[in-house]
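Q: Residues per chain, in single letters:
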Amino acid sequence: MQSEIAVEMKGITKRFPGIVANDDIHLQVRKGEIHALLGENGAGKTTLMNILFGLYQPDEGDILIHGQNVKITDPKKAIELGIGMIHQHFMLVEPYTVLQNIILGAEPRRGIMIDYKKALARVEELSAKYGLQVDPHRTIREISVGMQQRVEILKTLYRGADILIFDEPTAVLTPQEIQELMAIMRRLTEEGKTIILITHKLKEIMAIGDRVTIIRRGKVVDSLPVRGTTAEELAAKMVGRQVSFVIEKKEAQPGETILEIDDLTAYDDRGCPALKGLSLEVRRGEILGIAGVEGNGQRELIEVLTGLRKATSGEIRLRGRPIQNGSPREIAESKVGYIPEDRQKRGLVLDFCVGENLVLKNYYASPFCKRGLLQYDRIFGHAAGLIGEYDIRTPDEKTAARALSGGNQQKVIVAREVACDPDLLIATQPTRGLDVGAIEFIHRKLIEQRDSGKAVLLYSLELDEIMNLSDRIAVMYEGRIVGILDPRKTNEQEIGLLMSGGHAGEREVRA
Amino acid sequence: MAVLQVTSDLIQTTIVFATALVFAMLGGLISERSGVVNIALEGMMMAGAFTAAIVTYFLETNAGLGGSAPWIGFLCAIVAGAIFALPHAVASVTFRADQVVSGVALNLLAAGATIYLCKILLDGAAQTPTLKHVFSKWAVPGLSDIPYLGPALFVAYPTSYIAFLLVAVIAFVLYKTPAGLRLRSVGEHPKAADSVAINVYRVRYAAVMISGALAAMGGATIALTTTSNFSHNTISGQGFIALAALIFGKWRPVAGMFAALFFGIASALKSVFQVYGITNYIPVDFIYMFPYILTVLVLAGFVGRAVAPGAVGKPYQKGER
Amino acid sequence: MTDFVRRLFRESTLVPVVSVLIGLVLGAVIMLAGSYNPFLAYGALFSRAFGDMYNFGETIRQITPYIFTGLSVAFAFRAGLFNIGAEGQFIMGAVAAASVGVLLELPWYLHVPLALVASALAGGLWGSIVGYLKAVRGVHEVITTIMLNWIALHVANYIVRSALLEKGMARSKYIHESAWLSSSNLSGLFDHARIHYGILIALALSVLFYFLLWKTRQGFELRSVGFNPDASEYAGINVKSTFVKAMFISGLFAGVGGACEVMGVFHYQTINAAFPGYGLMGIAVALIGRNTAVGVVLGAVLIGVLTYGASGMKFGAGVPEELIHVVIALVIFFVAASGIVELLIRRFRKKNRTVH
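Residue numbers (the working numbering), protein chains in the order written: chain E, 212 to 722; chain B, 4 to 324; chain U, 145 to 500.
Hint data in this document are derived by calculation from the structure and do not stem from the laboratory.
Think of the CB as a built atom: it goes at the ideal place given N, C-alpha and C, for glycine as much as any other residue.
Where hints are given, some of them may not hold.
To be verified - Residues from chain B that keep clear of chain U, each with C-beta distances beyond 10 Å, as calculated:
{"hint": "1", "residue": "G70"}
{"hint": "2", "residue": "V143"}
{"hint": "3", "residue": "V170"}
{"hint": "4", "residue": "T180"}
{"hint": "5", "residue": "R255"}
{"hint": "6", "residue": "F276"}
{"hint": "7", "residue": "Q277"}
Unchecked claim - Here are the simulated EDC-like pairs of lysine to aspartate or glutamate, each with C-alpha atoms no more than 16 Å apart in a straight line:
{"hint": "8", "chain 1": "B", "residue 1": "K179", "chain 2": "E", "residue 2": "D326"}
{"hint": "9", "chain 1": "U", "residue 1": "K359", "chain 2": "E", "residue 2": "E673"}
{"hint": "10", "chain 1": "E", "residue 1": "K556", "chain 2": "U", "residue 2": "D374"}
{"hint": "11", "chain 1": "U", "residue 1": "K458", "chain 2": "B", "residue 2": "D126"}
{"hint": "12", "chain 1": "E", "residue 1": "K414", "chain 2": "E", "residue 2": "E703"}
{"hint": "13", "chain 1": "B", "residue 1": "K194", "chain 2": "E", "residue 2": "D285"}
{"hint": "14", "chain 1": "E", "residue 1": "K414", "chain 2": "E", "residue 2": "E673"}
Unchecked claim - Label pairs and their calculated CB-CB ranges:
{"hint": "15", "chain 1": "E", "residue 1": "P228", "chain 2": "U", "residue 2": "F190", "range": "37 to 45 Å"}
{"hint": "16", "chain 1": "U", "residue 1": "S322", "chain 2": "E", "residue 2": "C631", "range": "49 to 57 Å"}
{"hint": "17", "chain 1": "E", "residue 1": "R699", "chain 2": "U", "residue 2": "R490", "range": "57 to 65 Å"}
Start from the sequences and build out the full structure, keeping to the hints where you can.
A: Have a look at this one:
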């Protein structure tokens, strides 16, 4: 393998109001290697790659592609230089077909019409060459997440990219799909492509990376070959201190069953069946983790449990009493707490102040509301207490929630839900987008709840989080629970198999 | 036979009224497919009607141009519509304003500015005099001789033929050409379009200005075929009915055309009722109300949650995460 | 700088003020282009509005309905709804009050409140149709409100024509004096201008506006829905019924406004060929006033002064009245495209800072 430098970024600095996202960053990527960019959420790695792809302009510094100094003014220029980006949140037009998405903006023509035949031929050629199997005529809505990602990759290859930037590619994949992706990446480098992998997942870097550059708070901490290091060493460099991977927790003392779900069915937004007879039990004093590929009914399950969606049949009993199809308020009053997946959409009214957000679930009851009039002195007093207890970083309780950082916003939500003393706490993706400190805080709180005899239902796409926190793991596939595992006795492979519809104990068959 | 005659009249009148709606509906379609809400179709129609009327008037009185005056007026209206739409593009695309409010402002602006200019240019008159040279209907040779059906469908103003031709053209461009693919992608998922180096801003500017031109054609049609002048109530809500037709047709050109025809029937009935003296039986107010009630009923009953282009109404900011 | 002064210069307060200035300046430019004298014109405008007691009284009269429709639009905005239908709700309120005023004969302490209640209900119900359609059928309120405006216009005309008509005239009979909101005492103070007690009702409603939105539980829910319907749903708020309630109250404000015009100014209801335009101006008022009670009142004052003074522009400088509509449209436009104004403010501030 030649050690020609494909990409060199020298002295890149990028400032945003109030923060230096990239501070004098030096990066060297060799041709044909898989170079990982490791850093926490908010460390600056995505900003750096957005600069490389022309979405941002650096305030200072130079970029050299294959030795040539270039100014990448916009994605068009980046694409011309052979740089392609596979985004974390796919940039695909849902109603369009795979083929249309791949050729968008670079359509082959016959006269003034689009030449779909030519496009198809080219796509099939690329698909075969790099082992990227896709269905050209299906729409994006219809295909799996794994295939959607392959479409993103084909988009870049169709435009002749030989430097591919992958932004957190494994966030939404099953363990099997992750293996497939790694095989694809190896194949790409064998054909001479260069890959930059943005990630915070150490396991994947260790598995597939050639070299890794660690970024912390906008600065490069180190750059070294993967072979000579360990995950612990990388984690320490990423965070700046020793990080323990295993969460300290006592043995679980599960008590009586508090939530029983019996044969639940429900439809999704498009009218297709999402839950197809799901049954589950959660006990006091345990954390039940739900593992599954996104789109197998988890969201609908949570929405039914919290009263945001109607179930078509089946029963949900909380402490023995049926609560299915109750309104969100009835369910909340039955002592169910919920930490939503999208904190800005479901969890907070960003334009309300912190105090108002902290009483969002019980503003209508005494002491916060008397005879239809809100008692703001009680509301703010209550808020001040919670701000202290949870160490929420905010100028005061009257500041708009919008002004808080992601971690502090999440703290507001957790504080509010826990303060309502729920018997069942449902946490969905509770640590998404947070830095390590906030993640540790949330994990500790969840374990605290479990230790004080509450039930916790945890849904997360981070398999590590599920495995570390849960006392039992329920795997969801196609709207049903297909297996309940003990995290101490199972492994990622087995969970991954169940997540993709295989059966525990079966030998895995490659697609 | 009387029934056939009335039906034939009705169809012909429907096509006359629907033509302006078709133009404006197409205008709204292009804009909204690119992601920009266009409430200002009404104002753009006014701008077009006014320009067409004023230009035609001045050409026929001062320049002595006869039959070609309305055509030049029509062309000027197209340009006026595109220019009038420019502020909406600037506000909505570059400054990410609330697109509905910007549209409302433009409607008010059009209402005020057209009468103001009228008064200035016509010595204080609040409307143009009746134009002597307007469009007259063309008969398609041969086809127009078919009994009842002929006059109904094949004798129409040139603007009607243009309008229905445009439906086909726009449908073709939208679904078969790269320009159409890109336009629709900008309206569905502007970030995706941006990531393949499509200039979202430029596409939206172009779309909004084209929509102004199209809506203005609709207004010009009314001035040059139906009313033969311009006054403050030349348009009277047709821009909004066109918007309803757009929604009813689910943002597709051919379906929108049928929707426009449907609403055209309502206006046609109004005129037919008056001709045939039905005002003796139904209070005139109800006849006036009919198109608007129909619009509400249609939207409430048959459309409900129509699926708009994915990103319509949301301002786009490059580099926003 | 004191906190008050600092708040005054916050961008959110400055934007409407600067937008108004830009609108007036552009209006002047347009006048120059038409060879009119802008100074003469604006001078005539202001002297018409404030020149003497009569005109001052008439200006207050002009301002009154704008407060009502401004509150109406602002209230709906707070719930995330765009109420372009204040015009129709105003008309329905007016015709309801006219009906009560013409058809019933009661002592004034019953007649006036009854007429006002009828107008509030009429406007509120007319508005709630929009809210209902949005909540249940998902129809966007922009089109339904505009259609309902037209329908209201014709329904009102029909009611006047069939039940209230003064023979041979294009209006209803006079409402009984017991339903009047004007008095010769009040008018006498202003040289017989048509000022009426509606202004007091308007100011009272603006206090109600503030109280409802910021002190009550309903107001909390309404603002929550306006900011974030998804989180509100989770918080247990019934978003759909909030839409209906918001549109009802919004329509109520406009309806009472219509009643005051009938009961205070004209004492009859005309058969309208076109929209009087109060609703549209209400949008301008709400935008300029940033949807707050105080802002709406101030905005109404501004729009009232401009629209009443516009006829002075015509007589004093020959400028057609419609120019004021152009100016107001420009103001709305710049408030909407506040980005433009914010940019200018920021540039202006930066220049000042670097100088020092």
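Q: Find the hints from earlier in the document that the structure breaks and name them by number, from lowest to highest.
A: 9
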